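Asks: Sequence:
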Amino acid sequence: MIHWNEIVMLVIGVAVFSFSLAYAEELKRIPHWLVLRLAFYILLTAWAVTIVEGFILETTLNILEHLCYACGSLLLAVWCWKLSFGRKVGSE
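Residues in the sequence shown are numbered from 1194 upward in steps of one, following this note's numbering.
In case anyone wonders, no lab produced these hints; they're calculated from the structure.
Since the model is a prediction, treat every value here as computed from it, not as a measurement.
Be careful, since some hints might not be right.
[Stated by the list, open to error] Computed spacing ranges between beta-carbons, pair by pair:
id, residue 1, residue 2, range
1, H1196, L1227, 16 to 22 Å
2, G1279, T1253, 32 to 38 Å
3, G1279, I1195, 38 to 44 Å
4, I1223, E1251, 23 to 29 Å
5, L1250, K1275, 31 to 37 Å
6, N1255, A1217, 27 to 33 Å
7, K1221, T1253, 18 to 24 Å
8, I1195, F1278, 36 to 42 Å
9, L1276, F1210, 17 to 23 Å
10, K1221, N1198, 15 to 21 Å
11, M1194, H1225, 23 to 29 Å
12, A1263, M1194, 39 to 45 Å
Glycine included, each C-beta is placed from N, C-alpha and C at the ideal position.
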C-alpha cells in the first residue's frame, strides 16, 4: 500500500536531485561533497523503492529500502564527522 507521505517525499527528493544536477559546480564547493552526494543518492533510491514495493516484491524491496536507509544514514554521519573533525587543508 502506498501512502501520500511516501509520494511527497519522492517528489521532494526528485526536485532536490534536479537542483543538484543544475547546480553541481556550485555544490562541489561543499567540503567532502562526494560523500554527501552519495548519501543523498542512496536515500533517494530508498524513497523510490518504497513506492515500488507497493506493487511488486514487497519483502525483498522492503529489505533493500531499509538497507538503503542504513547506508545513507551512515554516509551522512561520516560526512558530518569529516566536516567536524576531518583534517583541515593546510593544517599540520
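Asks: Hint by hint, note whether the structure agrees.
Replies: Against the structure, the hints:
no. : hint                      : in the structure
1   : H1196 - L1227: 16 to 22 Å : violated (32 Å)
2   : G1279 - T1253: 32 to 38 Å : holds (36 Å)
3   : G1279 - I1195: 38 to 44 Å : holds (40 Å)
4   : I1223 - E1251: 23 to 29 Å : violated (37 Å)
5   : L1250 - K1275: 31 to 37 Å : holds (35 Å)
6   : N1255 - A1217: 27 to 33 Å : holds (32 Å)
7   : K1221 - T1253: 18 to 24 Å : violated (35 Å)
8   : I1195 - F1278: 36 to 42 Å : holds (40 Å)
9   : L1276 - F1210: 17 to 23 Å : holds (21 Å)
10  : K1221 - N1198: 15 to 21 Å : violated (32 Å)
11  : M1194 - H1225: 23 to 29 Å : violated (38 Å)
12  : A1263 - M1194: 39 to 45 Å : violated (23 Å)
Violation of the numbered hints given earlier is confined to hints 1, 4, 7, 10, 11 and 12; the remaining hints are satisfied by the structure.
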